[in-house]
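Line order of the protein sequences matches chains A and B.
Per the working numbering, residue 1 is the first one in the first sequence, and the count goes up by one each step.
Per the working numbering, residue 1 is the first one in the second sequence, and the count goes up by one each step.
Keep in mind that the hints were calculated from the coordinates and are not lab data.
The beta carbon of each residue, even a glycine, is placed where N, CA and C say it ideally should be.
Careful: at least some of the hints might be erroneous.
Covered stretches of chain A (chain B as the covering partner; in silico rule of three or more C-beta atoms under 8 Å from a C-beta of chain B) [as the list claims (entries may be wrong)]: (1) 9 to 19; (2) 32 to 40; (3) 87 to 98.
There are 2 protein chains.
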Amino acid sequence: MTPIVILGSLAAIASTISFAPQAIKIIRTRQTKDISLGMYAITVTAFALWCAYGVLLGQWPLIASNSICLVLSGFILVMKLLPRRAKDKVADAVTPKD
Amino acid sequence: MTPIVILGSLAAIASTISFAPQAIKIIRTRQTKDISLGMYAITVTAFALWCAYGVLLGQWPLIASNSICLVLSGFILVMKLLPRRAKDKVADAVTPKD
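Given the sequences, and given the hints that come with them, work out the whole structure.
The following block contains the structure:
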């Protein structure tokens with residue numbers, strides 16, 4: 001692997017997992033007040049477009065990476081939009097039982 | 001332009017501007033409690049790597065798009081890390097006077 005490929009791979013891995021800490025934080029705190037609805041509306045649209053682009057090109061690295069981002073950012077958007085009680089229900093459902 | 005190029009361009013534009021609403025929200029509300037530090041630490045690292053990747057490849061579309069994302073997500077990370085008083089100072093400094 002060349003340094004360019006290594007750099008690009010690290011960048012792709014970091015981008016792909018970047019939304020996970022925010023999703024985990026929301027599950028833990030159930031708070032989304034300071035999170036921008038506009039940002040996640042645009043972000044989810046962007047990843048949906050990148051996935052469609054990957055499908056048209058038949059490029060699985062694009063599809064795989066952007067699908068993960070779409071699911072994570074989509075979860076954050078849904079949690080932002082849900083009313084308090086529904087947010088708690090979802091967070092309870094995905095929290096591992098002790 | 002082919003449909004693939006149009007789709008990819010729309011995806012790139014949406015990705016590039018996606019952090020702007022969050023940055024604007026923070027300037028307006030000065031609140032960052034619900035925002036994940038881990039997410040922005042990873043995100044800023046990812047965009048720095050993508051910029052370096054773009055430089056090594058000599059690809060200005062990569063450099064341009066990822067520089068904008070680096071600046072916007074870097075601003076969000078800095079605001080998340082700053083103590084209250086400093087956050088207010090920065091927000092005041094970038095808020096247009098009436």
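The hints, checked one at a time:
With 7 residues carrying a beta carbon less than 8 Å from a beta carbon of chain B, the stretch 9 to 19 of chain A meets the three-residue requirement, and the given coverage holds. Coverage of the stretch 32 to 40 of chain A by chain B holds. Counting CB-CB distances below 8 Å, 8 residues qualify, and the rule asks for three or more. Only residues whose beta carbon comes within less than 8 Å of a beta carbon in chain B count, and the stretch 87 to 98 of chain A has 0; fewer than three means the coverage is violated.
Checked against the numbered hints given earlier, this structure breaks only hint 3.
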